[in-house]
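Enquirer: Sequence order for the protein chains is A and B. Residues 1 to 342 (the numbering used here) make up the first sequence, in order. Residues 1 to 342 (the numbering used here) make up the second sequence, in order.
Treat the hints loosely; a few may be bogus.
If chains are identical, the list can't say which one is meant, so a pair holds when it fits in one copy or spans any two.
Unchecked claim - Dumping the calculated DSBU-like pairs for lysine-lysine here, alpha-carbon to alpha-carbon at most 30 Å:
1. K105 to K287
2. K84 to K287
3. K286 to K204
4. K273 to K84
5. K105 to K286
6. K273 to K8
7. K105 to K273
8. K286 to K217
9. K287 to K313
10. K84 to K204
11. K286 to K273
12. K68 to K84
13. K68 to K273
14. K84 to K286
15. K287 to K217
16. K204 to K287
17. K190 to K64
18. K60 to K217
19. K68 to K286
20. K195 to K8
21. K105 to K84
22. K68 to K105
23. K8 to K64
Think of the hints as simulated: they come from the structure by calculation, not from any bench.
There are 2 protein chains.
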Amino acid sequence: MPVTVSRKQQMDLIVEVLRGLGANEEEATIQADVWTEADLRGIHSHGVQRLPVMATRIQKGLLKVNVKPERTWSTESVLNVDGKDGFGTAISETSLRELTPATRKHGVGILTVRNAAHIGMVGYYAERRALEGLICLAFTTTEVLVHPFGGAEALVGTNPIAVGIPGDGRPFLLDMATSVSAMGRIIAFKHRGQKIPEGWAVDKDGSPTTDPDAALKGSLSPAGGPKGYGLGIMIAMLGGLLVGMPAGREVLGTLDTEFRCTVGSLFIVIDPKAFPGGDTLAAGVKKYLDELRGSRPGTGFTQVMAPSDPEYKLRDERLVSGIPHPEEVWHAAEQLRNNISK
Amino acid sequence: MPVTVSRKQQMDLIVEVLRGLGANEEEATIQADVWTEADLRGIHSHGVQRLPVMATRIQKGLLKVNVKPERTWSTESVLNVDGKDGFGTAISETSLRELTPATRKHGVGILTVRNAAHIGMVGYYAERRALEGLICLAFTTTEVLVHPFGGAEALVGTNPIAVGIPGDGRPFLLDMATSVSAMGRIIAFKHRGQKIPEGWAVDKDGSPTTDPDAALKGSLSPAGGPKGYGLGIMIAMLGGLLVGMPAGREVLGTLDTEFRCTVGSLFIVIDPKAFPGGDTLAAGVKKYLDELRGSRPGTGFTQVMAPSDPEYKLRDERLVSGIPHPEEVWHAAEQLRNNISK
Chain A
1 MPVTVSRKQQ MDLIVEVLRG LGANEEEATI QADVWTEADL RGIHSHGVQR
51 LPVMATRIQK GLLKVNVKPE RTWSTESVLN VDGKDGFGTA ISETSLRELT
101 PATRKHGVGI LTVRNAAHIG MVGYYAERRA LEGLICLAFT TTEVLVHPFG
151 GAEALVGTNP IAVGIPGDGR PFLLDMATSV SAMGRIIAFK HRGQKIPEGW
201 AVDKDGSPTT DPDAALKGSL SPAGGPKGYG LGIMIAMLGG LLVGMPAGRE
251 VLGTLDTEFR CTVGSLFIVI DPKAFPGGDT LAAGVKKYLD ELRGSRPGTG
301 FTQVMAPSDP EYKLRDERLV SGIPHPEEVW HAAEQLRNNI SK
Chain B
1 MPVTVSRKQQ MDLIVEVLRG LGANEEEATI QADVWTEADL RGIHSHGVQR
51 LPVMATRIQK GLLKVNVKPE RTWSTESVLN VDGKDGFGTA ISETSLRELT
101 PATRKHGVGI LTVRNAAHIG MVGYYAERRA LEGLICLAFT TTEVLVHPFG
151 GAEALVGTNP IAVGIPGDGR PFLLDMATSV SAMGRIIAFK HRGQKIPEGW
201 AVDKDGSPTT DPDAALKGSL SPAGGPKGYG LGIMIAMLGG LLVGMPAGRE
251 VLGTLDTEFR CTVGSLFIVI DPKAFPGGDT LAAGVKKYLD ELRGSRPGTG
301 FTQVMAPSDP EYKLRDERLV SGIPHPEEVW HAAEQLRNNI SK
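The following block holds chain A by itself, in its conformation from the complex:
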C-alpha cells in the first residue's frame, strides 16, 4: 500500500530529521530539495529512501554536520573545495553559487568538490545553472559496479554525467549513468521474479546474463559497450583523480555505512554570453528539441522525446497529486523523526 505525500510534507520531514541530527538549516534544506527533486521525477534510487543510511552515517561520524568547507581559488576561474566530510549536496550547490560571478566574468569556471558526501542526482546542479542562464557539465564518481568493455570484474563506477543548457521554456537536461542500467533496477526485476533484458549485465565470470541473481553477483554492463566504458573511465579521471580523489575500487561511502565518502565531483560552468551563439542559444535549443519531438516515431514508439521529458512530465503530475512511496520507505523516514524527537 503506497503512501502518497506532498512535496512540502517530504521536504519538512527530511529537514526535521536532518536538523535533529545536527545539520544546519541550509544543508538540511538543500539535501531535502535534492532528494525530493529526484522523487518528484521518479528517480527513487536517489530520493528519500536514502535517509536511513545517511542518518546512520551522521550518527557514526562518517558524514559531519555543520562543518565549514575549505574553499580555495587556485586561479580566478577555478574553485577547489575540500568538504571536510560534510554534505556533498549543500557544499556543491553553495559552491556553485559562489562560482557564478567568476563564470560570468571569464566565460567559464570550474568547481571541484572532494571529501564530501554523495551529491545525489547530479542533474540537480546542472539544471539549476541552466535556469540561471548558464551551461553546466557535471561529473561525479561512484562505487565500482560496472565491468570494463570485454572484462569480467566491476572496476568502473556507474559514474554519471549531467549537462544542463538553457532553453526557452525548459532547459535541456541530460542526466545519465554511463552503465546501461542501475543495480537498483536489477533488484526491482528480481523482486518481481522477472528476467532482466539482454545486455544489462554479466555474471561473475563475465558472461552476459538475463538472470537478476547472477547479475547481482556479477557486474553491470557499460552503455554502448566501449563508449560507455570510455566515458565512465573519463569521469573517473576528471571527477576523481583530477579532483584529488581515487578512481575505481577505492571509491566508497555512498551506499554503505562503514566508509568515509571518497567520491569526487567536477563541474564545468559556461556563460553562453561569451560565445557567438550565446544570444540565440535558448531559442535554438527549444527549436531543435521541438523538431526532435515532432519527428516521426520509429517502430514500437508513439512519440519521440527529448532527454528528461518523461521526468519533467512526472514532476508536473506529482507536484499536484503527490509523490508515492512504498509504505516501508516513508515509515522508515517517519520512524527516524520519532526517534530523534524523543
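Please build the complex by placing chain B on the supplied structure of chain A, with the hints as guidance.
Expert: What follows is chain B alone, placed relative to chain A:
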C-alpha cells in the same frame, strides 16, 4: 591489391597536392598530419581518402585556402574563431596553440571554431593537448545520420566527442561518435555482402534492420539508445548552437562537394596544475588504465583494453611497416598530384 606507403610518403603527397591547390605550408602540413594520423590508426574514413572531395571543394571555392581566420577573445579565457571558410584542421590546431597560455593562466580556456572546413579526427586535438600536459574535451558537429531514440528520421549528427588526459607513457584518449556505428562501416558490410549486426541501424520506417541496403536508406542508431541520443544532442548544442552554427539538418559540407561547411567545434582545455590532483594525475591515469588492462577478461574476450589501445597498437606497427590503402584510394591521390603539376 593494396598499396602500402610510409607516413612520410603520404604526408608528402598530401602536402604537395594541397600546396598545388594554393594552401600555405602550415595549413597543408597540419591537414596532412590529421589525415595521416587517422590512417595510421586504421580510421581510414578520416584519412587520405577524403583528399579528392577536399580538392573539389577547394576548386569550387567552398573551402578557401590561405585565409586569415578572425580570432576574437570575448574574455581572457574564451577564444572565438571565425574560420572564413578555411581549413578547419589548421585553424583549430593553431588556435588551440594560441589558447594555451590563457589555459595555463586561468586553469581553463575554451576555443570555438565556426565557418571552417571539417576538422577531421577530433581526437587529434585532444591527444596533442594531453601530450602538452593539458586535458582537452572536444566536440564537433556533423551531418545528420542518426535517428533520435524512438524515432525514424535522421535528425542528429554522429557528433563525436574526444577527450585527452595526460598519462604517464601514453595519454588517455577517447575519441567516439555518439552513434553505434558509422555509415562507412555499413557500406563496408554491403560491399562484403554481409548483414550488419543488430542494433546498428533502422530502415526508413524506423524499424531495426540488419540489411545494409535498408540501413543506408534509413538511419544509424544512437549508441546506448537514449544515452548516445542525449549526448549527440548535447554536442549539437555545445559544438553547434553555442558556437553560432546550426544544429541538425542544416549541418552540411563535410562529405559533399556542394555546400559551405556549417559544422561547429568547441574545445574545453584544462590545466591539471590548477587542481588538487593535478600533480599526480598522469601517474594515476596510467595506474588505473593498467589495472583495467590487467583485469580478468569476460567471455569471448582475451584481454581488456583501454580506449585507443587498438589504434595505438596499429599506429606503432604502421610507423614501421607502412599504411595499406586500397589501390584506388592511393591512385586517386596520385592522380590529383599529376593533374596539379601539369
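Enquirer: Hints numbered earlier in the text: which of these fail when held up against the supplied structure?
Expert: The structure breaks hints 6, 10, 17, 19 and 20; every other hint is satisfied.
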